[in-house]
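Hints in hand, dock the two standalone chains.
Note that the protein sequences, when read in sequence, are chains A and B. Take the position in the first sequence, starting the count at 1, then add 5; the result is the number in the numbering used here. Number 17 in the numbering used here belongs to position 28 of the second sequence; there are no gaps in the numbering.
What the hints contain is simulated information worked out from the structure, not anything from laboratory work. Ideal Cβ placement from N, Cα and C applies to all residues, glycine included. Treat the hints with care, since some could be wrong.
Stated by the list, open to error - Only part of the chain B face toward chain A is listed, based on derived beta-carbon distances under 10 Å:
id : residue
1  : 20
2  : 23
3  : 33
4  : 35
5  : 40
6  : 52
7  : 81
8  : 84
Stated by the list, open to error - The calculated SDA-like cross-link candidates involving lysine to any residue, where the alpha carbons are at most 25 Å apart (straight line), are:
id : chain 1 : residue 1 : chain 2 : residue 2
9  : B       : 47        : A       : 14
10 : B       : 38        : A       : 102
11 : A       : 14        : A       : 55
12 : B       : 38        : A       : 34
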Amino acid sequence: DSGVTQTPKHLITATGQRVTLRCSPRSGDLSVYWYQQSLDQGLQFLIQYYNGEERAKGNILERFSAQQFPDLHSELNLSSLELGDSALYFCASSVGGTAGIYEQYFGPGTRLTVT
Amino acid sequence: AQSVTQLGSHVSVSEGALVLLRCNYSSSVPPYLFWYVQYPNQGLQLLLKYTTGATLVKGINGFEAEFKKSETSFHLTKPSAHMSDAAEYFCAVSDLGANSKLTFGKGITLSVRP
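The shape of chain B in the complex, shown without the other chains (with noise of 0.2 Å):
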């Protein structure tokens, strides 16, 4: 079974410092990784996602993150934040089988201060 865990609920940030949001995932095959970002009452946005390949995986909005399998990881970087970024943040694992799914951890909502 896969399982994707996010520490922490709400991440506070100034505007122009680094964004940090941690995903630890499980699988037990090689996994698909994603992070949306959900803006108040929209819909989820796909972020980034990484595949095979390259594990530093750039996104759009100046996002970008990197796969490290010996940690299980997938955080979520941005060198410097913008108050536009403020929304909750999910990162999600998938399988390729054939009843593939979404795994969704349970999202970090990133706030900006001025």
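The following block holds chain A by itself, in its conformation from the complex (with noise of 0.2 Å):
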């Protein structure tokens, strides 16, 4: 158990709706990444928080956001969803700003289906 928690485990939903997806950090770590494993992408950088603030961001579209919250749990937004949004997506904290620095601890990740 890594100490990252992510919610819901599972999620179904149709094309064109809305999802959120949530993310508790190991406690005591600032840093929230957020990733899409899918077969044909493999595992792909989303977005990193630090601390409230935007550090980082990767290939994310823009109909994705995020956001992460004075307690340090983020939520990852989808939305206007499309069949290729389906995927794993992974959360993992880490105590440092520095992505190549810090270990980052990976949750077991949420995984999304659009029918």
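If you want it as structure tokens, here you go:
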């Protein structure tokens, strides 16, 4: 158990809908990272927050947004969902803000299925 | 831009045999390199990482990797495979810039035959 929790574990929704994925980092970790894992794209970095502020951005679509709250939990919002958004979404956390220095601890993921 | 190439998508070895998973990277700055393991229905777990210093890095579960700058490689090895090593393995690269991020390879699935 990494100490990172993600809810829900599974999510099934229809095209055009909006969903929110939630992540609670390990106690004491200030950074939260979001990743998307799909068969065709592999594991892709989406976005990072550090102590409430956006720190780094990856291949995140404009239909997707995220935020980190004062209690450091984070939410990833996916809107106008398409079939291609079906994937496993991971959250990871680390103590510091520099991705290369601090070990990232991954949650178990949320499996999103868009029908 | 950084990138990681993991040749092949699947490796199968016999229990007790050597495990060799290949990783080549591309980076315009000195890289930080990582190997992660993903067991079925779980998140990723860090096996080992190279930052600076000794080029042979030892990780958990008996795995090690060697950074070879001249070959731009960071191959993962384990002398003797165990059934519990069956999983997916990801190589990743990062820099230390202000917007540093982990860039992952496609991953390699390791199967271990009894």
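Need the list of violated hint numbers for this structure, in ascending order. When the structure is compared with the hints, numbers 6, 9 turn out to be violated.
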